[in-house]
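Residue-level listing of the chains:
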Amino acid sequence: MDLLWQTAVNATYAASYMALIAVGLVMIFGVMGVINFAHGELYMVGAYCVVFLYAQENFPFLLAVAAGLIFVGLVGLVMERTLFRPLRDNPLGGLIASIGFLLILQTLAVFGFGRRMGHVPPWTQGKFEVFGAILTYQRLFVIAAAIVLLGALWAFLKRSKFGRALRACAQDAEAASLQGISMNQTARIAMFIGAALAGVAGALTAPLVSPTPYIGHSIIVTAFIIIIVGGVGSLEGAVIAAVLYAFVHTFVTTFFDGVVANIVGLALMLAVLVVRPTGLFGAKERA
Amino acid sequence: MSRKSLDRKISRRKFLGTSAASGAALAAMSTGLSRVSFADSHTIKIGFLAPLTGPVAAWGKPGLDGCLIWADWVNSKGGVNIGGQSYNVEFIGYDNEYDAAKARTGATKLIKEDGVKFVMMLGGDTWPGVQEIAAREGMLFSTLLPSDLSPDSTTLLAPCEVHPIYNVTGVEWLAENKPDLKTAAMCAQDDSLGKPSVATYLAAFEAAGIEMVDEPLFFDPATTDFAPVMTRLLSANPDILCLDTCYADYVHPLCEQAFQQGYQGQIISCTADFYQKIIEKTSEEFMEGFIFQFPDFDDPALNSEGVNFVNPNEFYAEYAKRYGASEWSAVSWEYASIMDLWADAASSAGSAEPAAVLEAMKADGTGKHAFGTADWWGTELFGIDNALVGNWPVVVIEGGKATIKDFRSIPAWWDQHKDLMIKHMTDLGQMWNQRG
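If you're matching them up, the sequences are chains B and V in order.
The first sequence: position 138 = 138 (the numbering used here), numbered continuously.
The second sequence: position 221 = 508 (the numbering used here), numbered continuously.
Pulled out of the complex, with its shape left as it was, chain B reads as follows (with noise of 0.2 Å):
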């Protein structure tokens, strides 16, 4: 086994799945202004999809994985609906809100699904070798589900209606209602897209972490390092963020140890925010 190209394949598994949170963290911010909290346990509720209807229900993974897609978007729906539209003007509230969302999401998995981790069989074991270094068919799988579902998001964005208009409503939401935009269905799109993104990463990840009803938490702590690394409002930055961090953190776990990899990744953090304090691709005051 070859340790660089190992903790490299390590990174890049890493870097799929916390960019897919990171840029559903930064979707709901850029479009609707709120901060949420939440968004740790939408990629728990995400992974218990997987529980749910995988492991307990022997459906078939990629099925549970669509599934835990959907489902985690209807719920962002829901909190935009519920949570987030009455307190558009209000951010702290929406903040506030989102923690208590999170609250009930964690009891709701702990009266489903007991306290105690989820058991998750893999549904596959098939391996193979990388220039020495061994990547398993789970998280090549992870890897590519990135790439496709974020140049996905990327083409939605870029090319189709909707997406100019979640654009437009990013950059200066005043003006885009001025043109006509509605602000509730460019919320409901962003939340859906964004609350998806978080359900998708926890269901693709869900056979290779041990989910708890309280795995959100670290989750959203390394989801906010890289957004304010990337740039608070920047996908782009969101996805080089995941980037940066994940390899940095990987590669410090490896040849330091786990404890030292945290107090860099936040030492990496505040670095960025002294050099540059909008990230490294954020703009300097949201519209």
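Calculated from the structure, these hints are not laboratory results.
Careful: at least some of the hints might be erroneous.
[As the list claims (entries may be wrong)] Just a few of them, taken from the derived set where beta-carbon distance is under 10 Å, the chain B residues facing chain V:
1) Ala14
2) Asp89
3) Phe131
4) Thr250
5) Thr254
Here a beta-carbon is modelled for each residue, glycine too, at the ideal position from N, C-alpha and C.
Go by the hints and put chain V onto chain B.
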């Protein structure tokens, strides 16, 4: 979320009713209250202050489940005889979520409001929150982690687990039975459970002539992706992979990663809770020979003469019947075994008052530990003789089933190698007089 509930059509009334019930349940959770049976006039209340939710719940909740079996069995036979009067035993659970502040709140409630006579804890990170209350109230507490012991806490006992000291028995057995294995790599979560265990394994490996290929690798307890940890551990090609006292949430993905990254050597770990699920994620061949320290209680070796745990095989069968065999964990029997000691002491003292029970429990310097008669011990390591230490089983997975291979004496190992243990504990700041 069960399938049944999904299949139901949810009416508005049902939704509101469910919401109200959920709200009430949430309120109950927020107070941490979990009353598990009902008191009558001849009932003694015992506090169960442990993580019932969260990542450490595997070392709390199964213990409470085991206690419920213990209480049902004891109460069905008339209860505990104390001073000529029979008393039923009621457990009052409080979920401390492995949080020191919540443990403090829980201890106060159990003592002041519920009037418990004895409090059982997992200990570890939660003990500092309780220490002052225990000293002030003179309440008798037990911990599964004797690294909590210190001369400042005279009413804290470690009457069952001698974590992590018993880990030396697994390493000793490994060195004797697989002498060709000479190198080891180790990882642990960076917390009060992981560090003393690392010191213990380092001492045990050194005593056995097994060389560490690298410094122990500590990881953040919030870690979810264990691939980098395992990559680092395997990079030096160790003969032995030591998983220290990692929580079940870590042991499972660590084993899975070792399997996926092609490791084929020996694994040793303090625990292998829910090991059937690890086998499902890896393979029976991969897990063959896995060494750990906690037997399934259907093991016939537990029927041997020296074992004091009452009806271990029947206890396991009842546990499997109520909760499922795959729910059996390292602690399923431990709190129940502590209750055996407590009941014996309360009977002989003729009182359930904490001071009287404590005195009776330690009266002749020995106690009936689950795995045989043991000594109250610990001054050199903990500053106080409040740990009940004797034999401990070495368990190996064979053909997909945990099997007791031997019972080994911890004091015998200590007599030979105590300097090594003290050295490594000191190096990691884990001696009783080094802890803050």
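Right, here's what the structure says about each hint:
no.: 1; hint: Ala14; verdict: 6 Å, holds
no.: 2; hint: Asp89; verdict: 27 Å, violated
no.: 3; hint: Phe131; verdict: 14 Å, violated
no.: 4; hint: Thr250; verdict: 5 Å, holds
no.: 5; hint: Thr254; verdict: 5 Å, holds
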